[in-house]
Every structure is written in structure tokens, then in C-alpha cells.
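For the protein sequence lines, the chains are A, B, C and D, in the order given. With full-length UniProt numbering, the residue at position 82 of the first sequence is 82, and numbering never jumps. With full-length UniProt numbering, the residue at position 280 of the second sequence is 280, and numbering never jumps. With full-length UniProt numbering, the residue at position 545 of the third sequence is 545, and numbering never jumps. With full-length UniProt numbering, the residue at position 81 of the fourth sequence is 81, and numbering never jumps.
Everything hinted at is true.
Below, computed lysine to aspartate or glutamate pairings styled on DMTMM-like, alpha-carbon distance capped at 20 Å:
1. D/Lys398 to C/Asp27
2. A/Lys98 to B/Asp363
3. C/Lys601 to B/Asp363
4. C/Lys601 to A/Asp92
5. D/Lys58 to D/Asp507
6. B/Lys20 to A/Asp56
7. C/Lys601 to A/Asp93
8. B/Lys504 to B/Asp363
9. D/Lys500 to C/Asp78
10. D/Lys398 to C/Asp112
11. C/Lys213 to D/Asp525
12. C/Lys162 to D/Glu470
13. B/Lys207 to A/Asp92
Think of the hints as simulated: they come from the structure by calculation, not from any bench.
So you can see what is in the structure, the chains are spelled out below.
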Amino acid sequence: MNPVNYLYLAALLFTIGAAGVLIRRNAIVIFMCVELMLNACNLAFVTFARLHGNLDGQIIAFFTMVVAAAEVVVGLAIIVTIFRSRHSASVDDAGLLKL
Amino acid sequence: MSHAASVHSLWTMSADAPQKIPAPHIEYAQLSPTLIVLGAAVLGILVEAFLPRRVRYAAQTLLTCVALAAAFAAVVALAAGGYATGKAHAAAMGAVAVDGPALFLQGTILLVSLVAVFTFAERRLDPAAHGRPVDSFAAQGAAVPGGRAEQDAVKAGFTTTEVFPLVLFAVGGMLVFPAADDLLTLFVALEVFSLPLYVLCALARRKRLLSQESAVKYFLLGAFSSAFLLFGVALLYGYAGTVTYSGIADVVSGGVRTLDPALAATTGNDALLLIGGALVLMGLLFKVGAVPFHMWTPDVYQGAPTPVTGFMAAATKVAGFGALLRLLYVVLPGLRWDWRPVMWGVAIVTMLVGAIVAVTQTDVKRLLAYSSIAHAGFILAGVVATTPDGVSSVLFYLGAYSFVTLGAFSVVTLVRDAGGEATHLSKWAGLGRRSPLTAATFAVFLLAFAGIPLTSGFAGKFAVFKAAAQGGAGPLVIVGVVSSAIAAFFYVRVIVLMFFSEPKEDGPTVAVPSALTSSAIAIGVAVTLVLGVAPQYFLDLAGQAGVFVR
Amino acid sequence: MENLIGLLVLAPLLGAGVLLCGGRRLDRSGPWLGTLLAAVSFALGVVLFADMLGKGGEERALDVTVFQWVPVGGFRADVGFHLDQLSMTFVLLITGVGSLIHLYSVGYMAHDERKRRFFGYLNLFLAAMLLLVLADNYLLLYVGWEGVGLASYLLIGFWQHKPSAATAAKKAFLVNRVGDMGLSIAIMLLFTTFGTFAFDPVLDRATDAGEGKLTAIALMLLLAACGKSAQVPLQSWLGDAMEGPTPVSALIHAATMVTAGVYLITRSGAVFDAAPDAQTAVVTVGAVTLLFGAIVGCAKDDIKKALAGSTMSQIGYMILAAGLGPVGYVFAIMHLVTHGFFKAGLFLGAGSVMHGMNDEVDMRRYGGLRKYMPVTFVTFGLGYLAIIGFPGLSGFFSKDKIIEAAFAKGGTEGWILGGAALLGAAITAYYMTRVMLLTFFGEKRWQPDANGELPHPHESPRTMTIPMVVLAFGSVFAGGLFSINDTFLKWLEPVTGHEEGHSPVSALTVTAATMLVLVIGVAIAWAQYGRRPVPVTAPRGSLLTRAARRDLLQDDFNHVVLVRGGEHLTRSLVYVDHTLVDGVVNGTAASVGGLSGRMRKLQNGYARSYAVSMFGGAAVLIAATLLMRAV
Amino acid sequence: MAFPLLTLTAAIPAVGAVATAAVPAGRRTAAKWLALAFSLATLALAAVQLVRFDPDAKGPFQLTESHAWIADFGVRYELGVDGIAVVLIALAALLIPFIMLAGWHDADPQESGSSRWRPTQGFFALILMVEAMVVISFEATDVFLFYIFFEAMLIPMYFLIGGFGDGAAGNGDAGAAAQRSYAAVKFLLYNLVGGLIMLAAVIGLYAVTADQLGSGTFSLQEIVQARAAGKLDIATTTERALFLGFFFAFAVKAPLWPLHTWLPNAMGEATAPVAVLITAVVDKVGTFAMLRFCLQLFPEASKWATPVIVVLALISILYGALLAVGQRDIKRLVAYASISHFGFIVLGIFAMTSQGQSGATLYMVNHGISTAALMLVAGFLISRRGSRLIADYGGVQKVAPVLAGTFLVGGLATLSLPGLAPFVSEFLVLVGTFSRYPAAGIVATLGIVLAALYVLVLYQRTMTGPVKEEVRGMPDLRARELAVVAPLIALLLVLGVYPKPVTEILDPAVRHTMSQVHQADPKPDVNDVEAAK
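Using the sequences provided together with the hints, build the complete structure.
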């Protein structure tokens, strides 16, 4: 089947992720949505690699995973600290800084 | 045999003619600045692991400063070696460019970071806890604010000396960011310098809730934006079949068509190119804090520990604009007529929004945050000039601006009351009466921000606007002038507050800093005035560094 | 000789400088020093006069350029003097009468602790006045012109602690400024027309310029003259100017300064002769003023104000004469001189009366003073006879000639002017007789002054009487001397030129008519004030009388139109400046602030809304890029 | 190279500023004397300039200095003076010492702030700083160089206005402080906006020169010559736009209606000496720059804009005068009077006749001196009574005759009485205007009547009439104050009677400017009277 469909899927996933970021309150969930977006990117990369018939895209996908992992480490650490000090992971509760 | 042939695909290799993957060829010497910094960072981790707690502070400070200095020396050596001009080329298999702009920006970043590290290492400002001097970072980042664990940590005299390796990692990323010559490197570098910053933001000793909140916001939004950037990268890759700048540029300029005619459907498809380009741009604009991707700036600048804010405000902007320049001048020059109008719009709204919103701010750090947004707008005006002059003017502006910002934030760290830094403007009333010197220094920085002649701010602004005007962006100059006028209003407001209003009884005190912060501020003032009065030498530097390698 | 001219001006100027800057130590010697310097310049004048008589009629004029004043491009103004018969006449009048009045003031101001400054101002005035009449170009004349204005301002307001005095001084200066405006515009016109404003080149070539230009110049000069010489419509200040010490009124507001206008017109004769329309304007102003002043003079009970009105009217005669052109110039000046004598004498007399009556000015509270101050009575009386034009006395000759010349204008115009002049003569006779009767005849009507004590009138000291006597001689004989085989005419003719007027009525008829109206005027006055007792408080009087008391409502007009109007204008402008001009500025600032406040709200602290803005931004970015490609 | 006299003249006060600022807090008096000494040194140098300057020399500028500075911006460090500049420098250098003397005690600290708070040192240092910047902006022949100091000048001025109030508004009370800082901010922002708009024009000028001459330049000489040689040809619309950019800034500084509203606030709130510094010294830079830069860089545009500017100037003259009449505050009254006078100056400049421009330049000098005299005496008066309201005074001449006398002389100079300096210049301006625009000339003449009105009303209300209670026992001028006023008055008299020395220096410069604008004086109807004589 036409690999271009995978692109549409990637775009769809990306949009879902983005939408999630915009509507969900829980920091963890938002973060997961971001991960989803990253993976959408991965899918796009792989698909393009397939289309172009070169390996770059696949390699990049690996890089992305590593980066995502690193992000998880930092991200979770931060989210956990704030959860411990506020007993809530809702980004809307963190509203001291404004105006 | 046929079966093997039939299943030949990307996934398997034909048994015959096993291909050798050649080992990549890396010019370590030319990458030395980055390598030194990252190496030092790793060393720093080891220090954390193996040295006893009491010596860590000294060791880390020393290590960091030495590393940055050494890296700077390496940059100078490279520049002297002609890598800025004649021998400029893309090193590490085209992953990293070693050319004028790269070296100039790396040099700037290194100097700025060095000065910033001084403020990181400052331990005189906060009153000593249990007889031990403390810096502006949390005793134990993981401990709940005000909880037992924190008290114990403080009693035990913990200090978060990890900040130094973190800074080094961030710097390492920033060094690569403007030099990145392919999109992958760009993305990785972006993350390498963003992640440590997220952590640093969370580590304030005072007002920890604010600090953590700023970290969360910065992190989430940062991750969000980098996802966009990555998707942009993916699309560009899809468009060109490669992620190297030069490769993409060739395709854009229609020089090369990709190999396989069967893929014409996607390759060279302009929609991919434009959308991808836009998304990558957005990722970079987020980092430089351009409207409408600026919303994180005020919150993060306010919440983060002030030394970190200074470091971010100065270094991140340099790195971000470096990358932006390279992307626009190397990858997308063929698309100038597509992105220029868009950037015009961005520059205009950035200048205006930054200036206007700043007018009603009541917190010094937020005020500076918005002013940094306005300045991002000014720099963008130079970026869209799309002339070598534009590049060099931007480079100059970045150099000038970063030192002013750093100095300003260092002064902010000095003005303190019981609750730590007194950043609310009302607290600054009459500062000029209490401690004229501090107030005068801050006034100098404000005037530089406002672009009063004889300060670096004016030289930079003039350079940028001049380039814009010659690049045919006259309207931008007008808007720039108008927003400078608006901006002048709030800088002046602060000066009025400091000098012409009566000091409050319970007003803040100005802590007497150690040599570290003092020297940071002194350097800031010196650079501000020198670049203001005799900018020619640095303009020449920037001018020579105005050409990108392809 | 040339150098003497400079000294002539310098002497009093020096006096002014010394007296005003030199501190208290000069308080006692000051008056005499001032008087001395005035006398010195008079002496110099006499010397120059003698020298001038030595020469023939044509080459009597002396020209001397002292130094270049303002040399700029084509614009050259020098400090230079031009002394000819005309200016010489004035020099003698100014310094002569001036010295006498200095002397008089020594006595009059004896008890004033600020008399040093008073004499300083007097000297300053002399200097300025001499500069005015000696200048050889209009710009320098302008300097003297404003100089005398300043001196008169300072002297009118000499008793500054009296608000009325201060106001009067300010009013005088302001009204004069309006006139000065005319003079300066005239100078500009001269410069643009002739490229210079020195007398000789301008007057020699006046006829080369277009009549329109000349008329404009002449009218502007007339405006200036009106201001300085208190002619309608700029006469309002003279009455109030009587707030000043009496010697000042005598010197500045009777004998010399107020006649500067006549000098200006006579001096610029060439211009006026070439602009008939302007001349018509001049004679009209003259005629109107001579009636106006006379009428006002009839109604005033304040002796000085009455005299002021008469001054106005007499100067009206002069202006009228000057407006008649070569026919009249000589007589204008002649009347000016004789008037200088008798009017100064009258004022000094009035001063002496006030001196004796505790500074009472209301004539209704005088009466029967002839026994108490005989010298004053006699001198004043002679002055009176002179001014009403009693045959044989100065006024008779000068005024009579003017009336003749007025008729000589010919046509209806001539009749109107002549008629006006005659009528004026009648009224003059009336109000002067009134003054005379009220003051020196009839029963005592003295009232206690502020301190509740009745005045004990007494003759004034020598210093005061001597000048009065001298001036009295002048008022008696001057006219005769001048007229005997036209001495004065021959003297001035080379400068002003002269042509005989051909009056439709013979000179004799005119004289007879004058005599007739004179008698009528005196008779009416006698009927009113000589035969029945005079009420101490003025009766309500007819509408005309009441109007005349208020200077024919001219002040009220000024007050309503100019003062009130001006106040409203300024007040509204202050408002405009604050709300409109400044409002725009502050408004802009405020609006930026408001905008900022609103935009600030967008920064609501919710990470998700930030994300939204980023997402939207990205969308816009993409859309825009694609759009750019599309178009 | 020649001896850098011009640089030195600007450098001395700058050095003095630093030195004064460095004087320790305790040694207040020492600081004052030090500052005074430096200002006198500057005056001496200015005098040397006057002597070394040769009015009849060829070429527009003398004592020139030229060094490379910022090549990238096409900026050179180019100094040079023409007759106008050298005279104005002398004026500034002359007034500063008097300003210092007059403000001798204005900056003595009321409340003791931190031990490091040194208002006195600051006050005098700032004055010297302003002097340095004013001097160099008079000397600069490089547009950019001029612009830099034209702008930088604002900062010390701003601190002078906002930092030091007159005794009238007791430095302590908050309301006065608020008003003062409002005035200071208004001053700064107004001028900053003007400056920024000029900056746009400056950049535009660079762009034009850069793309026509190959390398951008700001050198007045170079540009003028290039235009004369036809190498540089600025499109009409561009030239007009640039002209407006420049003119706007100068009109704000001058100040010209309707950009004037900052002046009354600034002069009202600042101490009298500072007010003098503003109107007599700093604002002159604006009118000077119109002559030097607007006319010479953009002659055609100048001619194009003349009608409008003349009208604005006329409005300024009448408007300023009328508002002066309406003021209740002595210093604001003087401020509005100054607006009226600046109207005359601008009028003279744009009348484009040699009389007008000589008059205008001479006017700058005379207005400086006369306003200084009037304002400083007013300051002395105010410091005695502690109020700026005219209504609070009355009968002063009875108790303090000398003060009253000097005040009157100052006032008479302000209404340009013949015999005092301002008369000459004002009349020249009027004649110059009249000979090109008769109507304008006549309207402007109304100004002299109004001037008499506001001056005399002011004098009458404050000095004459019965003595007010609060005024009783008011001391007369002290020696120091007399030492300030007397020389100024003497100068007014001298320049009024014998202005020739000054006009001789100004004239060639004016003629040069006129030739730049390709303007000749209109000829009189009846020609060559001189020949006829």
C-alpha cells in the first residue's frame, strides 16, 4: 500500500498529541502527549526514509528516542518535585507566575 | 540466487559484495571548544561523585571557569587559524560548521557563560546558614520546600554544586546549536542545552515554589516546541531526502533532484518544504522568545534563580539567533520571498508587544523579560535584512546585548530583603539615595537597553536598523523607532523610581557582593561603555564573521 | 562742534547712570547733580545754537556718525546724529524747559526719600528725548522713542506703592507700545522700499517710491505719533499719566515727550507730502483730538486731568497743522514751542497749588487762592491768557496761524477743519477760564485732607517759583518774538519748507472770529463758575458731562473690548494648552498604558493557554508562508 | 596635526564633571569651587576659540579636527566651528559659571541620605557634563557625532530637572517630588521621541549616501560637496522625509508649538539655574541645528517646508506670549515667554534672509543672556519667599529695590527694549521676515506688544503696590547674587549698544548658510540708494 498513508497517520498522531497538550490538565498526561508528538515525528521519519530509500530517517528515529528518554528523565523529575511540594500535578494549579 | 534477489530490500543486504561502512572522519581540533566544555562537564559529574562535599564548590568553580576559558582560547586559536574566513568548512562529516558566525557566536557564548558562572558561584549575598556560606541554589533540589528534609539538608550544609556541570552541558549544547550544519544536530543540540536549563530553573534557594513552577512551564512548553521543530525537521527531510543544510539548500535552489524519480510525488514538494520550514522556524523563535512564542519568557525569567535567568537571557538568545541566522541564510535563502514577509510580521509584533506589555510591569525580572522580548524584535529586524551587513549587525547586537542583560540581572541579585531578592519595583524606590553606586550601575544598563547614545545598546540598535534600512526594511525601522520610544518609557520609569522617589522605611538592603559578582557587573558596565564609545573593532570582527559556509 | 552733539546726549545719560547705580551716598547731592547735568546739556545746546546762527540758512545742518551700530548684510543702522534747525528747536526746548523743571523738582520733591532715583529718571528722559530728536535715522529715533516711553513709565509709576500709579504707568507703556508697533512696521516698510531708513536718502528719494507704499508708511508713522502724542484713538493713557509727580506731567506729558509725534510727522514731511490720503488721515485725527481733548478738559474737576485734556487738544492743533503739509509744518512747531512754555508753566502752577493744598487735586476744593499764592497766581494767569490765545501773547500767534492754515486747506475740508479749530478755541477759552475761576477766584472751598487738617495754602519755595516765572515770560513773549517779521518761519523753512496758504477768508476775519469765540467761551465760563457759588461735590451733570468725565467712555470701551476680551482669550488658551495640546501627549501615554494593561491579561499564568498561543502562532506561521507562495 | 582646541574645550568640562563627582561627601564646598574652576577654564578656552577664529577666512569651518571613528557606520570624529557655533559656544561657556554661582546652595542636601549620597557633587558634575555635551554638539560637523551628544545630553539634564527642586516646592514633600519627576520624565520622553524620529532620519541619510556614494557618510562637508558636485542626488520625497525627521527633533528641543508643553513643566519644576540651563543653553542646540543641519543638508526641503514652519513660528510667538500673560507661576511665565522668543528665532531662520538669520543667531545669544538675567533674579526672589505664585508677592521694590531693579531690567530685556541687546536681534528678525513675508512680519510685531503686557503685568503684580506681609523684611540681593546678575545686565547693555563685534563674526557664517540654500535677500523697490548718495 502507498507509504504516503503513513505520513497522514503521523500527521494525525501529531495533531492528537498537540490537542492533548492543549486540553489536558495533568502535567504527566501533557507530557505523554508530547511524547506522542515525538513518536509521530519518528513515524514520519521512518516513512520518509522508506520513500527516499536511504537510512537517514531511521537513524534519526533512534536519536529521537534517545532524546525523548532524556526528556522523560528531566521532565518526570521536575513534575515529581512540583507534585511533592503542591500535592497536585495539575498545570492549572501552578499559576503563581502570571501577568 | 534468485530468492535472495527477490527479497532484496532495504532490510536485507545481498550476500555478495558486503558493503563496508567507512568510519566517520572527525576533525577533533576544530570541534575542540565543544569537546573541552562537554569533557569538563563529565569531569564535573565525576567530581560530584568522588570529591568530598567541602571541596566540591571550589573544585567545580575552578573546573568550570578553566574549562570555559580554555574553550574560549580554543575558539580564538581557530579564528586565528583562519577557520573563520579562509578555511571555513563543515566539520565532522558536515554535521558541524566551523566558520565565522559559528566561531564568533561560540566565543560570545563562552565569554557570557564565564561571566554568568561568576554569578552562579556567588556565596556572599544570602546570609550564611548555620555558619556556612550559601549560594542562590537550593540545598537539595529534591527536598520538599519548607519540609524537614530541606531543613536537614540546610543544616547539613548541602549545596547543589551540580549546577556547574549542568551549566557546562548547557553551554556545550549552545556551542553546537549555532554551528549545527544539519537538522539532526540542530535538534540534538537544542535538547542538550534545554534539558539542563529546565533543571537549573527549578533550583532556586528562595521562593522555591515559583522556581519549580517556572521549571514545569518551561519544560512542558519547551518540549512542546521541540516536538514542533522535530516534525518540521521530518517534513524537510521528507522534502529533500536529506537533513544536511547544504543538501536541502541544493534541492530548494533546484540544483539537485533526488535520485529516484519514483519519489517525485513527495520530493521537491513545496508544501512539505514550506510547512517544515515554518515549523523549524517556530522551534527557533520559541527559543529566542519571539511573539507569539514568547509567553514562557516572563514566567520563567521571574521564577528561575536570577543567575540562571541572566545566563538564559544572554546565552540562549545568542545561540538561538545563531541557529536562526544559519537556517535562514544557508537553508532557505532560495525561499527568501516566502519567509521574509512572515519574519517581518513576527519582528513587528515582537517589538511592539514586548515594549507595550512591559510598560505596566511591576516586577524587575518580568520587566527585563519583556524588554528581552522587545530586543528580540529589534534583532529580528536585522535578521530579515538578508545582507551580510544584516548578519554582522545581528552578531554585534547579540554580543552587546548579552553583556548588558547579564549585568542587569547580576545587579538584581544584589537588591535583597528578608525574603531573598526584592524584585518588586516598589521595593526599588529611592535605591539611588541608599546606594547610589548600585543604582547608577543599573541605570547604565537600563540606558543601554533604551539605546541611549554612548552605550552599546545604541551602537547595536543603530547597526541593526542601518542594516534593515539598507536591506529595504524601512518600515521595520520606523516600527523599531516607535517601540524604542515606548520602551524608553518604562526604563525611565525604573530610573525615576530609583532616584526621584523617597526611600521606603522597610526598603531592601543592597548586599555587598564578593569579587565574583562585582567583577561580573564591572565587566558588564565596561563592555557596555566600550562597545558604546569605540565599537569599531568589534564591528570589524562581526563584519569579518558575516559569511556562512555552505 | 560735532563732538558736542554727542556730549549733549551723553551728559544727562551719565547723570542717569550715576544717580541710578550710585547708592545712598548720592541721596542728598543727587538732585543738584541731576539739575546741573541738565543745565550742562542746555548750555551745550546754546553753544551749538550760536554756532548754527553763525552759518547761512542752508548749510546749518550738522551730520555726525558716531559708530556703526548694526551692520548686517544690506542692513546698516548707524549711531549718528543730524542737527538741523528743527532738531535744534527741540534741543533748546527740551534742555531749557527740562533744566527749569529739574530746578523746580528740587523743591517739589524735597521731602521724598527716593528723590535720587527721581532725578535719575528725569535725566534718563532728557537723554532719550535728545536722542529722539537728534537721531539721523529712524531706527535710532526708535531707540529714543522707546527710551522716553520707558522714562515716562518709570516716572508715572514713581510712587509705585500706589496701585493706581503702577497701573497708570503700565497702561501708558502698553498704549505706547501699540504706537511703537506702528513705528517699527514703518521702519520695516522703509527698509524694504528704500533699502535704508536713514533720513537723508529716504526723504530725498521719497517720491521715487509708489504712492501705495508711501501711504502705508505714512499711516504707520501716524499710528506711532498717535501713541506717543496721545491722539485719538490712542489717547486714553494721558489722563491716567497724571498719577505721576507734577513736574513729570509738566515736562513729559505737556512740554516735550507728547509732542514727539508732531516732530515725527514734520520730520517725515517728504513722505506725507507724497501721500495725500495719509495727510487727510492726519488732519482728521488732529481735528477730532483737539475737540475730544477740549471736551474732556471741560468736565474734569481734577486740575491736572483738566490740563491733560487741554494738552491733548493743543497737540491736536499741532497734528492738524502738520497734516496740512508745508503750509502748516512751521506753525505746528511754533505752536509746539509756545505750548511748551505755557503748558509747562500751567502745570508747574498747578503743582505749586497742590503743594500748598496738601496735594489736593480737586478744583472744587480750591477757590480764592490768589491772595495766598500771588506768584503762582500771576504766572498761572499769564499761562492762561497765553493758552486761550489772548491777543499779544504766545498762544495767540501760533494758534491763530494754525486756524488760518486750516481754512487755507480750501473746499469743504477747509471749512470743516477751520470750523473745528475755531470751535476748539472757544472750548479752550471755556475750560481754561473754568480752571482759573475754580482755583484762584471765588470763596474758599477747602476741605480737610486725609489726616483731617485744613490746608494752609502758602507760596512755594524759590526753587519752584523761579522756573514758573521764567516760563511765564516765555508764554508771554515767545509768540511775539517768533512772529515779528516771521523769524521762526525763516528759521525753519530750510528744513520743513513752507508755502503760503490761500485762505478763502482773509486773515483778519479769522482773527476776528477767533477773538469772538474766545469772548464767548470766557463769558459762558464766567456765567457758570464766576457768578454763582460752586458746589464742592460735582453735580450729576448732563449726559455729555458724565461721558466727558469718563473720557467720553473711551476707557470703558477699552476695558470691555480689550481687557475683558484679552482675559477671556488668555484664560481659554491656558485651558486649551492644558487639555488639548498637552492632553494629546498625556492621552497617548495613557492609551499605551491601557493597551499594555489589557495585553498583560493575556499572560494568565496557565501553561496550557501559552501552549495555545504557540499552537496558534505556528498555524499562522504556516498559513502565512503558504499564502506568500500562493500570491 | 594642529592643537586640538575644540576637543579640549569639550573635554575640560567632562573631566571636571568626573573630578567633581569624585569629591568625597564631606567636602561639599570644595566640590563647588572645583566645578566653578573647571567652568572658568572652559570659558577661557572658549575665549581662545573666539580669538583664534577668523571671520573672514575661506571655507565654512575652522579649527577643524577629523579622525576615523566608526568606519562601519561611516562616522568620523569631525569637529569644526563656524561663526555661529563659536559664538554659541562662548555663550554657553559664559553662562555656566553664572548658573553655578546662582545655584550655589540649591543642591545642599536637605535630609541626610546614605553617607554615599552626594547631591551637591552630583549637581555640579551634571552641569559640567551638560556643558561638555552642549559644546561638542556645537562643534560637531558630523551628523552622527552631533546626534550622539544631542541625545546623550538628555540624561544629565533629566537628572538635573528631576533630582533638584527649587526651595518653592520643599524638596521633602512628596507632591512636589511627584510633579518634579513628572516634569523630568516628560522632558526626557518628549526629547527622546524627537531624537528617535531623528534617528530614523539619520539612518535614512546613511542609507541614501551609502547607496549613492558607495560608502555611507555623515560628514556634513562631504554630503554638501557631493550634492553640489551632483554626485549625490536625493530624491525630493526622500529629502523631505529626512528633513522632517531632523526638523521634528529640533522643533521639540527648540521648542516650537505644538511640541512645547514639556518646557513649562521642566522650567517650572527645575531650580531657576537649571531652568536657565535648559532654555538658555541646551535648547539653543535645537535652533542651532536647524541652521546647520536642516538648511545645509536639505536646502530644497527646507524651502518646501518654510511656509508651514513660518506659520508654526508665528503661532509660537503669539501663543507663547498670550499664555505667558495667563500664567500664575513666575517660572512658567518665563517659560512661555521663552516659547514666544523661540518662535522669533525659528521665524528668523526660516525667513531665509540675511537679516532674519543673523537676527536669529544673534537672538540665540541675547535670549540666553536676557532669560538668564530674568530667570535667575526670579529664582533669588522665589528662594526668599518660598513660593512661585505671582499672587504671593507685592511691593517688593519697597523692601528690596536692587532686586526689583535688576528684575525690571531683565524684564525690559525680555520685552526687547531698544538699547538692550534683544532689541537688535528681534528687530533684525522682524525686518528679515517682513522683507520676504510682509504679513508674517506684521503678525510677529504683535508679539512685542504682548511681550510688554506679560512683563509689565508680572512686574506690577510682584514688585509694586502695597508691601505684602510675607514680603516684609525680605533681604535685598546678596553679594554673590549681585555678582551673578550685574555682569549679565552689563552684557545686555553692551550688546545692545555695540553688537557689531558679534554680528561681524556671525555674518559670514550666515551668508554661507544662505548660499547653501541658494537664497538671496529681496531687493528694495527703490534700488541702490547708496549709489545715489
